[in-house]
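> Listed below are the residues making up each chain.
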Amino acid sequence: MPIETSENAKEGHKMVVAGLDIGHRSIKLVILKDGRILSKKILNSAGETNLLARRILDQTVEEIGLQLSDIKFVTTTGGMGKNVSFSNLYRTVAHCLAKGVHALFPRARTIIDMGGETCNVVKLNEMGEIEDTQSNDKCAAGTGIFFEAMAKLLGTSLEEMGRLATEGEVQFEISSMCVMFAEQEVISHCHENPDISAEALSAGIHLSIAERVAGLAKRLGITEEIVLTGGVAKNAGFVKFLSQRIKATPKVAEDPQIVAAYGAALIGEERMKDLHR
Amino acid sequence: MYFAGIDLGSRKSKIAIFEDDALAKEYVGETGLGAARTAEMIMSHALADTGLKIGDFKAIVATGYGRVVVPFAQSHVSDILAHAMGAFWFFPSARTVLDLGGQDCKAINLNDKGRITGFIMNDKCASGNGRFLETMADLLEIPIEQTGEVSLQSQKPVIFSTICAVFAKSEALAMLRKGIPKPDILAGIYHIIAVQCEKMLEMLSYKEDLIMSGGISKNIGVVNRVAKKLGVTPRLPGDPQIVGAVGAAVVARQKYLAGRI
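Taken in sequence, the protein lines are chains V and W. So the first sequence is numbered by our numbering: it starts at 1 and just counts up by one. So the second sequence is numbered by our numbering: it starts at 1 and just counts up by one.
Excised from the complex, chain V in its bound form (with noise of 0.2 Å):
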């Protein structure tokens, strides 16, 4: 992504842009001038979303040497990102992905988003329009919180165990679809066999979520190139096992759980554009 440094950033701000992307679990903010990102966040968010997001908003702005006069656009996203009263627009997380994937992939023509309460699938034509969506926000099963819990059970950080994933044999699957359910199969596995390592349980873990989510994006059928975006993307087991799911082998945008706020940006900064003209 291209990036500006702050002293260009000072040199006339005519079109700074902000893009705010609310998730459940935390706050992503991306600051762009001229389609060059100022700053990007990511907050933890828990408890008012709408109060942390105007905080680190005005905090951003601050810290880059602006006012917050200076922001003519805010776009908001996310499941979180609606009424919030600060925001000139809000659009779907699907269109904030396609906008941002769209920007950094210009190839791409599926987007698998994995965030910490959702997993969105998005389909592109080669225009980097939408053409069709599917989404889970209703079931635990093949989110983040499914690995949160599962890193919780083997007493060990979601890194760790997405790395200890990538050196592990598969022993067993994880025929559950509930998280609750699967916490319980897996420790039926460990008593099962106590000398399981923790490498092999943690392929096991990764695969049997990639499965989901592959299961998801199957269901829309999937067109090459493929971009993973969202937090989960940073796991490194969760991408080898897709991979193998999906036969292909998917970009990661390099900073994945910003994309969505950065394409809010991107559309914040169109309408602009189009407002002058």
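None of these hints come from the bench; they were simulated from the model. Please note that a few of the clues may not be correct.
The list that follows gives simulated cross-link-like pairs (lysine-lysine, DSS-like), each with its CA atoms no further than 25 Å apart [claimed, not checked]:
(1) Lys124(W) to Lys218(V)
(2) Lys138(V) to Lys178(W)
(3) Lys138(V) to Lys53(W)
(4) Lys218(V) to Lys82(V)
(5) Lys82(V) to Lys218(W)
(6) Lys138(V) to Lys229(W)
Computed from a predicted model, the values in this text were never measured in an experiment.
With chain V's structure known, arrange chain W on it following the hints.
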């Protein structure tokens, strides 16, 4: 003549002992590791308590998740059949049985002879199951036995935005932090369960009398919510948890009398 039914559930194991066609004794214990061992343990407890010997039983039938591994059972039947038989034994007016267990919930339709005419089951999703309630009780730090009573104090039940047990847990945590009273959170959780039950029962086109069974049916908060949501008054056996085991014992007696055991 003595008969026994043993129901090895995912969370609890139960034994019903029949003397002829009367329920003489019932036992409920934890399901531990290994269904066979759990079965042996609860049976030896029942034998010690009654002074009976295993040979005194004319027939023993098992049901539940662990039914195939019970070493002393001559036969086994599905949970569906056991619950249907059990509910019909308690209430011959039973036309639909709603069984809310530790890791699954099911609804079964019966005709006036007690024969199964249809059933539906959810064992894929924890929403509405015992495990969900346990998790919530833990989160709220209320002993599971007391949660039902506590929920009755609710003035203003919360509305959850989800039915997923995992998401509901994080939502409940956020509510706790906001200072929402625990009874209101519990009532909101029971509402989720009632919605799940209603969905299942409507798919089955249930009829009255509706019998509720399973461990969750011991929870007055859940039973009230379900009753309110459906607009019917469910009937409950003395111990709703024992219905499966009673059904298995009834099957044991029938099979013995028919000369099939």
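> Look at each hint and say if it fits the structure.
Outcome of the hint check:
1. Lys124(W) to Lys218(V): holds (21 Å)
2. Lys138(V) to Lys178(W): holds (23 Å)
3. Lys138(V) to Lys53(W): Measuring from Cα to Cα gives roughly 52 Å; hence the hint is violated.
4. Lys218(V) to Lys82(V): The hint is violated at about 29 Å.
5. Lys82(V) to Lys218(W): The given pair, whose Cα atoms are some 41 Å apart, is violated under the 25 Å limit.
6. Lys138(V) to Lys229(W): Distance of about 22 Å is within 25 Å: holds.
The structure shown violates the earlier hints numbered 3, 4, 5.
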